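Chains as they are written, first to last, in the working numbering: chain G, 1 to 481; chain R, 1 to 494.
Keep in mind the hints are simulated off the structure, nothing from the lab. Note that this is a predicted model, so its numbers are computed, not measured. Each residue gets a CB set at the ideal place from its N, CA and C atoms; glycine is no exception. Incorrect hints may appear among the rest.
As the list claims (entries may be wrong) - Just so you have them, the derived chain R footprint on chain G, three or more residues with Cβ under 8 Å:
{"hint": "1", "segment": "87-93"}
{"hint": "2", "segment": "425-433"}
Unchecked claim - If the Cβ cut is set under 7 Å, some of the chain G residues that face chain R in the computed set are:
{"hint": "3", "residue": "R81"}
{"hint": "4", "residue": "D143"}
{"hint": "5", "residue": "D266"}
{"hint": "6", "residue": "A267"}
{"hint": "7", "residue": "D277"}
{"hint": "8", "residue": "L278"}
{"hint": "9", "residue": "A286"}
{"hint": "10", "residue": "F287"}
{"hint": "11", "residue": "R401"}
Stated by the list, open to error - A few chain R residues that face chain G, going by a derived Cβ cut-off under 10 Å, partial list only:
{"hint": "12", "residue": "L82"}
{"hint": "13", "residue": "G86"}
{"hint": "14", "residue": "Y103"}
{"hint": "15", "residue": "A238"}
{"hint": "16", "residue": "V243"}
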Amino acid sequence: MPIADFQPVIGLEVHAQLLTESKIFSGASTGFGAEPNLHTTEVCLGLPGALPVLNEKVVHMAVRAGLALNCQIRLHSVWARKHYFYPDLPKGYQITQYEEPICEHGNLVFPFGDTEKSVRILRIHMEEDAGKNIHQGAQSLVDLNRAGTPLLEIVSEPDLRSADEAAEYLKALRDILVYLGVNDGNLEEGSFRCDANVSVMKKGATEFGTRVELKNLNSFRFVKQAIDYEIARQVELVEGGGKVEQETRLFDTQRGETRAMRGKEDARDYRYFPDPDLPPLVLEPAFVDGIKATLPELPLAKVRRYVDVLGLSEYDARLLTADKALAAFFESALAHYGDAKKLANWCLGELSRQVNEKGVALTQVKVTPVQLAGLLQAIDGKTVSNNAAKEVFGAMFESGRDAQSVIAEKGLGQVSDTGAIEAVVNDILARHPAEVAQYKAGKVQVFGFFVGQVMRAMKGKGNPQTVNELLKAKLKLTRAF
Amino acid sequence: MNCTALSLTQLSGRLAEKALSSVEATEACLRRVEQVDPKVKSFIRVDRDGALRAAQASDARRAAGKTVGVLDGVPVALKDMLLTEGLETTAGSKILRGFIPPYDATVVRLLREAGAPILGKLNQDEFAMGSSTESSAFGPTHNPWDLSRTPGGSSGGSAAAVAAQLCFGALGTDTGGSIRQPAAMTNTVGVKPTYGRVSRYGVIAYASSFDQVGPITRTVADAAAMLQVLARHDARDATSHRVDAPDYSQGLEGGVRGLRIGVPKEYFGDGLDSEVGEAVQRAAKVFEKLGATLTDISLPHTRYALATYYVLAPAEASSNLARYDGIRYGHRAQGIKSLKDLYATTRSEGFGPEVKRRIMLGTYALSAGYYDAYYRKAQQVRTLVQRDFQSAFQNVDVVLSPTSPVPAFRLGEKTQSPLAMYLMDVLTLPCNLAGLPGVSVPCGFTRGGLPMGLQLLGRPFDEAGLLQAARAFEREHDFSSRWPPLTRDARADC
């Protein structure tokens, strides 16, 4: 049986670090890159007598994410302790949610090829991150700076059917969380982590195969590689008459293969039970409604609006919305400048080019959306040519000054004054009698030469339309001489 | 005169009159600790310098007219469950030997802010698991009334120190009776506040949904004065009650006229010492004479309370004690070969047998496949026990019972039988299951001269009502003016 006769079944578990300033159960900073164990309090260190107190911002972000993923928000949810021994887990248990998570029964719709795909979200719960063990030769050191950083665990139903689908789901999920401002979307640094549950079954079968959990998938490429490898491995195993074992496998990024980490028999008994230090979390319906009211437009809805209402191409709409900051820049400029297509071209063209070239974040650039709108208005009003406008924008990007002031300073303003252009046109025609004669003799291609000469003489500032009109008129006149 | 025989409130008055200084009172306590405690063994750590510094500061405040309340200058001592910044805190366990806390428990901070010099740390059962103070890694504490007997537990050090006049009041913790039972066995007053009334922050956790800190003192007024300082909302404890306490001294002398007292038949059954039972019945008559009404009531799920407690409390303990792993603080095994070995050897060496027993019980109760039958079922029964009290309190204001089924027993008498030891808490732990406040107050002596106590249980956050009732009874007798014989031998004049 070839691999095409098998149906892969995939579900993803995502751990997303929340962008709070302090930890989930203590006032310690969540700042990255500090000296080891600096960002710790007695709570993070698991000292005797220390007690957790919930950071309400975490709840706020969890509800935001839950609503964005169309989940039901539980007004009563429960904190649980999950036990295991490891040096980076200071209390010997992780505070998480188990039987009653804050969000359930959601779904995520994302573009896939020419269609859209919907994946059900089983649950979202809040929990604390562990610290880190650092191995140095025979020594192991523990850094608890990360211990207690708030996480959302987002668990999908096994609705994904290929590695590509899984990767697209993951990208869409990341975009949403970044849009909501709850996560920075960084897979490489581990602030957005993914485990995959993968099984295969024969096409047409009704029962799923035995699933294997894949860990260490810290890039979109690895997610795809690992799932594809695992599908092939499982198919080969089943085809050879073998059985897939329920186990956890680690993706080896060097070799591009998965290998067994721990089997079912080593499965830990986490002994979950409700955390007696934390009362059940009870939310008022008004609290949830308040968050619902402030939920931003999400990427997919934005793409649809850009295409349907603004008339952008699907391609441009995707590019613009892929970066929340770019979409925001585009939309605030749009409030001051009505031609969405032209604006989109500038955002995806000059603006993105400058941002990439200078290596600055869009949120940090000096030029404002209003200023970009002003430049486009100047182009439309013919005070600057399209070509000169690029140079003007470069200066605006560097300095954060208005288009008008840059145009004036650089003398890049377009000359539409007929008298001034006429003088130049007369001068050029007078200095090139041979070419005038050629034109008169019917060699109309020479017209372009005159335009070029006039524009050069005017340093590109002549309004091209006026130049054309005047040249045509004058040549007619000379012909009549 | 012997100033250590004063009650806390009496001493406070003498300090206010400047008849005595805090340094003098503190030095008197320290002298008595030197003389008496080698026999009683209630202190496991004395902080002479810290106490004297605090006493000097108190005297200076008084001289400047800036005293901060009733406890200012009054020397007290703490059960070793309470974290004291810079002073070793062990919960009576080898696994925490050498642990110097970097912060004060909230209750310790409150006592310091109230101006009370802290004399040191008191012995207890290891991690408060026990009813006799015999499971301490530091050896047992002896009952001042009879040195061959236990002072009860787990706050046995606190009760013994107060009874032996080593301090004017002490803090204990009560998870299943650990304040009230030793108070009953030492002729002292013990208060277990409503769950959430006193902060648990910085209190070493045994069973988090049961643990409460409370005072052990010589008189009811003393207990009210100490509780007043402790009973505040603490933002560092998510289970802390949001409303601050009323003034407990206000209605203290208000009597019991019209008070409806329920007497639960389940608390007078098998295993109750006849002398204790009779003493409590006599006490009931006293309440009646004072104008209270007595009603026989039933708390039908009492018989399941012990089993319920010994599923839930060990389950929480197995989780709470997971942090003692030898990685960050406390005892760490030497010569280990692997991480697993580090955990296993550290914990095998560091924990005593009773703690290990409860960790195993609790781990089992939470295991996959057993959770529903044990932990979940026990939670359901806990709700039934709570409902028993809720319906009883529709008809009565307080519940009266013996505190401990027996007077102080001999050291070693029950150490071979965990179940016999667990039965020592049978009358006190339903209160913890229900999260209610409870008070133990002296109610007489056996013919052999051993103290006995009665227990009053009340509605949630009605500590004021319990203290008022306890005070009304206390006024009718002179039990609190009686002292253990060994206190007479000590010379600690001041």
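Now the hints, each set against the structure:
For the segment 87-93 of chain G, the stated coverage by chain R is satisfied: 5 residues place a CB nearer than 8 Å to a CB of that chain, which reaches the threshold of 3. Interface restraint, the segment 425-433 of chain G with chain R: violated (0 residues with C-beta to C-beta distance below 8 Å; minimum three). The interface hint given for R81(G) holds, since its Cβ lies 5 Å from the closest Cβ of chain R, which is under the 7 Å cut-off. Hint status for D143(G) relative to chain R: violated, with the closest Cβ pair at about 12 Å, above 7 Å.
Interface hint status for D266(G): violated, as the beta-carbon distance to the closest one in chain R is roughly 13 Å, over 7 Å. A least Cβ separation of about 9 Å between A267(G) and chain R goes past the 7 Å threshold, and the interface hint is therefore violated. The beta carbon of D277(G) comes within 5 Å of a beta carbon in chain R, closer than 7 Å, and the hint placing it at the interface holds. At about 5 Å, the closest approach between the beta carbon of L278(G) and any beta carbon in chain R falls short of 7 Å, and the interface hint on this residue holds.
Proximity of A286(G) to chain R is violated relative to the hint, the smallest CB-CB distance being about 20 Å (cut-off 7 Å). Interface hint at F287(G): violated, since its Cβ lies 18 Å from the closest Cβ of chain R, which is beyond the 7 Å cut-off. The beta carbon of R401(G) comes no nearer than 50 Å to any beta carbon in chain R, farther than 7 Å, and the hint placing it at the interface is violated. Restraint check, L82(R) versus chain G: the minimum CB separation of about 8 Å is within 10 Å; hint holds.
Given hint, G86(R) at the interface with chain G, is violated; its Cβ is 14 Å from that chain's nearest Cβ, farther than 10 Å. For the restraint placing Y103(R) at the interface with chain G, the shortest Cβ-Cβ distance is roughly 6 Å, inside the 10 Å limit, so the hint holds. Because the closest C-beta pair between A238(R) and chain G is about 5 Å apart, less than 10 Å, the hint holds. The criterion of a C-beta within 10 Å of any C-beta in chain G is not met by V243(R), whose closest approach is roughly 15 Å, and the hint is violated.
When the structure is compared with the earlier hints, violations turn up for hints 2, 4, 5, 6, 9, 10, 11, 13 and 16 and for no others.
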